[in-house]
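Trainee: The lines below spell out each chain.
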Amino acid sequence: MRTFKRETSFLLIVLAAAVVLLASAVTGGAAAVPASTLSQPKTEETKPGPDGFIRRWLVLEPIPATGLTDSIVQAAVKKGSFVTEVSAVPRDGENVNVEGAQLTWHAVDTSNYNVNLFHFARSLDKNTSNVLFWVVTVVHAPREMRDVRLAIGSNAASVWWVNGQEEIGIYGDRQAVIDDGVSKRLTLKKGPNVIRAAVVNGGGATDFCARILDASDKPLTDIVVNLRP
Amino acid sequence: MKHTLLALVWGSASLALALDGDVGIHDPSTVVVAGGKFYTYGTGGTSLVSEDGWTWRKGTTLPLRQLAPDVIHIGDRYYLYTAANSGQTKADVSMIWTKSLDPGSPDFKWSEPVVVASSDGIEDANAIDPGIFLDPTDGRLWLTYGSYFGHIRLVEMDPKTGKRLHPNEPPLNIAINSEASIMIYHDGWYYLLVTHGSCCRGADSGYNIRVGRSKKVTGPFVDNIGVDMIQGGGKLFVGSSGRAIGPGHFGLLDLGDGVQKFSLHYEADLDRGGASVLDLRPLLWRDGWPVAGDNAKEGTYQIESLRTGTVLELAVEGVPVGGRRTGRGGGFAGTGGVIPAQDPATVSNAWPKGNLDTRMGNYMSQAQQKWTITPVSGGGGYPGSPYFKITIAGTDRTLAATTEAELVVVPAFNGTPEQLWRLDQLYDGSWRIMPKSASGSEGPLSLSAVGSSFATLAKFDPASEKQRWILKIP
Numbered sequence: 001m002r003t004f005k006r007e008t009s010f011l012l013i014v015l016a017a018a019v020v021l022l023a024s025a026v027t028g029g030a031a032a033v034p035a036s037t038l039s040q041p042k043t044e045e046t047k048p049g050p051d052g053f054i055r056r057w058l059v060l061e062p063i064p065a066t067g068l069t070d071s072i073v074q075a076a077v078k079k080g081s082f083v084t085e086v087s088a089v090p091r092d093g094e095n096v097n098v099e100g101a102q103l104t105w106h107a108v109d110t111s112n113y114n115v116n117l118f119h120f121a122r123s124l125d126k127n128t129s130n131v132l133f134w135v136v137t138v139v140h141a142p143r144e145m146r147d148v149r150l151a152i153g154s155n156a157a158s159v160w161w162v163n164g165q166e167e168i169g170i171y172g173d174r175q176a177v178i179d180d181g182v183s184k185r186l187t188l189k190k191g192p193n194v195i196r197a198a199v200v201n202g203g204g205a206t207d208f209c210a211r212i213l214d215a216s217d218k219p220l221t222d223i224v225v226n227l228r229p
Numbered sequence: 230m231k232h233t234l235l236a237l238v239w240g241s242a243s244l245a246l247a248l249d250g251d252v253g254i255h256d257p258s259t260v261v262v263a264g265g266k267f268y269t270y271g272t273g274g275t276s277l278v279s280e281d282g283w284t285w286r287k288g289t290t291l292p293l294r295q296l297a298p299d300v301i302h303i304g305d306r307y308y309l310y311t312a313a314n315s316g317q318t319k320a321d322v323s324m325i326w327t328k329s330l331d332p333g334s335p336d337f338k339w340s341e342p343v344v345v346a347s348s349d350g351i352e353d354a355n356a357i358d359p360g361i362f363l364d365p366t367d368g369r370l371w372l373t374y375g376s377y378f379g380h381i382r383l384v385e386m387d388p389k390t391g392k393r394l395h396p397n398e399p400p401l402n403i404a405i406n407s408e409a410s411i412m413i414y415h416d417g418w419y420y421l422l423v424t425h426g427s428c429c430r431g432a433d434s435g436y437n438i439r440v441g442r443s444k445k446v447t448g449p450f451v452d453n454i455g456v457d458m459i460q461g462g463g464k465l466f467v468g469s470s471g472r473a474i475g476p477g478h479f480g481l482l483d484l485g486d487g488v489q490k491f492s493l494h495y496e497a498d499l500d501r502g503g504a505s506v507l508d509l510r511p512l513l514w515r516d517g518w519p520v521a522g523d524n525a526k527e528g529t530y531q532i533e534s535l536r537t538g539t540v541l542e543l544a545v546e547g548v549p550v551g552g553r554r555t556g557r558g559g560g561f562a563g564t565g566g567v568i569p570a571q572d573p574a575t576v577s578n579a580w581p582k583g584n585l586d587t588r589m590g591n592y593m594s595q596a597q598q599k600w601t602i603t604p605v606s607g608g609g610g611y612p613g614s615p616y617f618k619i620t621i622a623g624t625d626r627t628l629a630a631t632t633e634a635e636l637v638v639v640p641a642f643n644g645t646p647e648q649l650w651r652l653d654q655l656y657d658g659s660w661r662i663m664p665k666s667a668s669g670s671e672g673p674l675s676l677s678a679v680g681s682s683f684a685t686l687a688k689f690d691p692a693s694e695k696q697r698w699i700l701k702i703p
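From first to last, the protein sequence lines are chains A and B. Each residue of the first sequence is one higher than the one before, starting from 1 at the first, in my numbering. Each residue of the second sequence is one higher than the one before, starting from 230 at the first, in my numbering.
Bound-form chain A, shown alone:
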């Protein structure tokens, strides 16, 4: 009898945990947890550190999206008005309507080399699994820079545009690995250059990192990052 009670109690605890997890999966986190690696920008502009990672981004609240294959991700990024706005730059706090949902753009600085989208979504009590995040930043080049490459890593699939031109697509369930996806050689024009990406997560953690490599594959550091075109 005592054994039965103990087993019953254990079963109830497991069931309760399952209900909490299920609710979390359906409606977002059980409770918003502050994003320890992200903060609101406090300066007009910033520069990459010696490792070249771009640490200031605008991130749109997540959009439901399921599937990580090439065709599914490509179909997801072509949905809505974003196809024609890939070089547009939103404002911090700007709301957009995506398939009937009001979503907000948030400006963030990351304290790490990567932007932790799991932290971002959880801090807003949003879903972290089966979602698509749009992210945008603007890098200001002091001069025309030829033969540079955008180099990114993402968890999971992602598609990247520079000044409206699709440059990188990596697909499948994957971890964010530095310089995983690398573009062909491209030219940054003098002044603002808009980098936009869609990161699609299946389940679990989700993040991305991005930097620009020079013609010798060294990180570019003499650029300025702000969120104005």
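Since the hints were derived computationally from the structure, they do not count as laboratory data. Beta carbons: idealized from backbone N, C-alpha and C, even for Gly. Hints should not be assumed to be uniformly reliable.
Covered by chain A, according to a simulated footprint, are these stretches of chain B (three or more residues, beta-carbon under 8 Å) [unchecked claim]: (1) 257–266; (2) 679–686.
Lysine to aspartate or glutamate pairs mimicking EDC-like chemistry, simulated, CA-CA at most 16 Å apart [said to hold, decoys possible]: (3) A:K42 to A:D109; (4) B:K701 to B:E527; (5) A:K184 to B:E635; (6) A:K189 to A:D222; (7) A:K190 to A:D222; (8) A:K184 to B:E633; (9) B:K688 to A:D217; (10) A:K218 to B:D690; (11) B:K688 to A:D109; (12) A:K190 to A:E144; (13) B:K688 to A:D147; (14) A:K184 to B:D586.
In silico negatives: residues of chain B with every beta carbon more than 10 Å from chain A [stated by the list, open to error]: (15) D281; (16) Y377; (17) S606.
Keeping the supplied structure of chain A fixed, place chain B upon it in accordance with the hints.
Mentor: Showing chain B alone in chain A's frame:
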């Protein structure tokens, strides 16, 4: 060379194991590059010349029709050492030099021969098979010589004249019971390469190349199990394999950028009627010892980056081998049978037409990840190999270089230089993969894993793993 001149009838020069064209030679010298051409000299004063190191033709005969020459380029001179027996072990090594190896050049004129080493027919030495070595650490020049009857000997030469530096000093014995000796230097060690076994008996020749090493140019040269070469030691460097019998007469061909090849002859190429032929093969290094590499062979491979572990693939959506399996426990039980390899003819129907990008990904045994490497007849070559085309296995889709020094896969092969690929095996067994040309580029480019999921073309950097690739059989 145990015997004097051979009257060899060379076999036909069809594409076979070793090089292309007229490659018949015995006891070839070290291959030297002069004026953009490759030259080697053999027993009987024969010579071979090549524009690219792949297709060879007969060259001008030497003024001395002797045994087993060796040649070296120092300053504005090419010094050639060769030998002749006047008795069983009575022999002289002679030196001649010229400022050009090209018979069309006004500088092409061989000097009168000078004897630089001898054996008197009584001493335990046979002064033939010279090998000349310029020490890169101090610029001193050394000659090794000898053949079976006693010792391999070492004497110092004058790099300014090519002559013996101290003719009255006795030579130093450094090995025994071998021939075709030559020295090379690598990473703090001097390596003495010699040939063991018998020559000149076609497919019955037991020739094989062996090596010992020393911290000093004067020895002792000891093999991998601690046996001094003066006591018959020598680690096997290369022996007979496949249809190539009796390798002998090592010569180093350093192409720069850490790419090394070696010249040799096979006593019998079974695909060329058992004739003695020249070959050039990659020189590899493992645990401080030279290793004979292999030139690229036709076949289907996965092309894996040494840097990232990911493989080059056509940028199309992959289909899991055996189809997608979903649902509860779908991946655990399997199908209960053998899942056949993906049929590229079927899978490729879903691929977009026209030019496609490449990318890199984890190997999943999918059709877009398997590449067939095929030698291209008439496409020219490079030291040791013809150029290859690289196609997705089972399709005509062909890897090519773009004018922007990137990669593209075109629908079909058309033989342009952008679609011809050079594969050089590097010191660690990995491969450098280079297009024959990429228009618009300032210099040679090689396949480069700039990211885990992306490859490009970039200048070869021997210190980087970016441009080193592993060819695996899927």
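Trainee: If a hint holds in the structure, say so; if it doesn't, say that too.
Mentor: Taking the hints in turn, this is what the structure says about them:
Here the region 257–266 of chain B counts 0 residues with a CB under 8 Å from a CB of chain A, which misses the bar of 3, and the coverage is violated. Under a criterion of three residues with beta carbons nearer than 8 Å to beta carbons of chain A, the stated coverage of the region 679–686 of chain B is upheld, 6 such residues being counted. Restraint check: the Cα-Cα separation between K42 (chain A) and D109 (chain A) comes to about 9 Å, which is no more than 16 Å; the hinted pair holds. Restraint check: the Cα-Cα separation between K701 (chain B) and E527 (chain B) comes to about 12 Å, which is no more than 16 Å; the hinted pair holds.
Proposed proximity of K184 (chain A) and E635 (chain B) is supported: the alpha carbons are some 7 Å apart, at most 16 Å. The straight-line distance between the Cα atoms of K189 (chain A) and D222 (chain A) is roughly 14 Å, inside the 16 Å bound, and the hint therefore holds. Of the pairs offered as hints, the one joining K190 (chain A) and D222 (chain A) holds, with about 12 Å between alpha carbons and a cut-off of 16 Å not exceeded. Annotation: proposed proximity of K184 (chain A) to E633 (chain B) holds, straight-line Cα distance about 9 Å (limit 16 Å).
Our distance criterion of 16 Å between C-alpha atoms is met by K688 (chain B) and D217 (chain A), whose separation comes to about 12 Å. For the hint pairing K218 (chain A) with D690 (chain B), the CA-to-CA distance comes to about 14 Å; that is within 16 Å, so the pair holds. Of the pairs offered as hints, the one joining K688 (chain B) and D109 (chain A) is violated, with about 36 Å between alpha carbons and a cut-off of 16 Å exceeded. Taken as a hint, the K190 (chain A) and E144 (chain A) pair is honoured in the structure, with Cα atoms around 4 Å apart against an allowance of 16 Å.
Simply put, K688 (chain B) and D147 (chain A) have alpha-carbon atoms about 14 Å apart, close enough for the 16 Å limit, and the pair holds. For the suggested pair K184 (chain A) and D586 (chain B), the alpha carbons sit about 10 Å apart, so the restraint of at most 16 Å is met. Even its closest Cβ contact with chain A, about 30 Å, leaves D281 (chain B) beyond 10 Å, as expected for a residue assigned away from the interface. Non-interface status of Y377 (chain B) relative to chain A is upheld: no Cβ of that chain comes within 10 Å, the nearest being about 54 Å off.
Under the 10 Å C-beta cut-off, the non-interface status given to S606 (chain B) relative to chain A holds; the minimum distance is some 33 Å.
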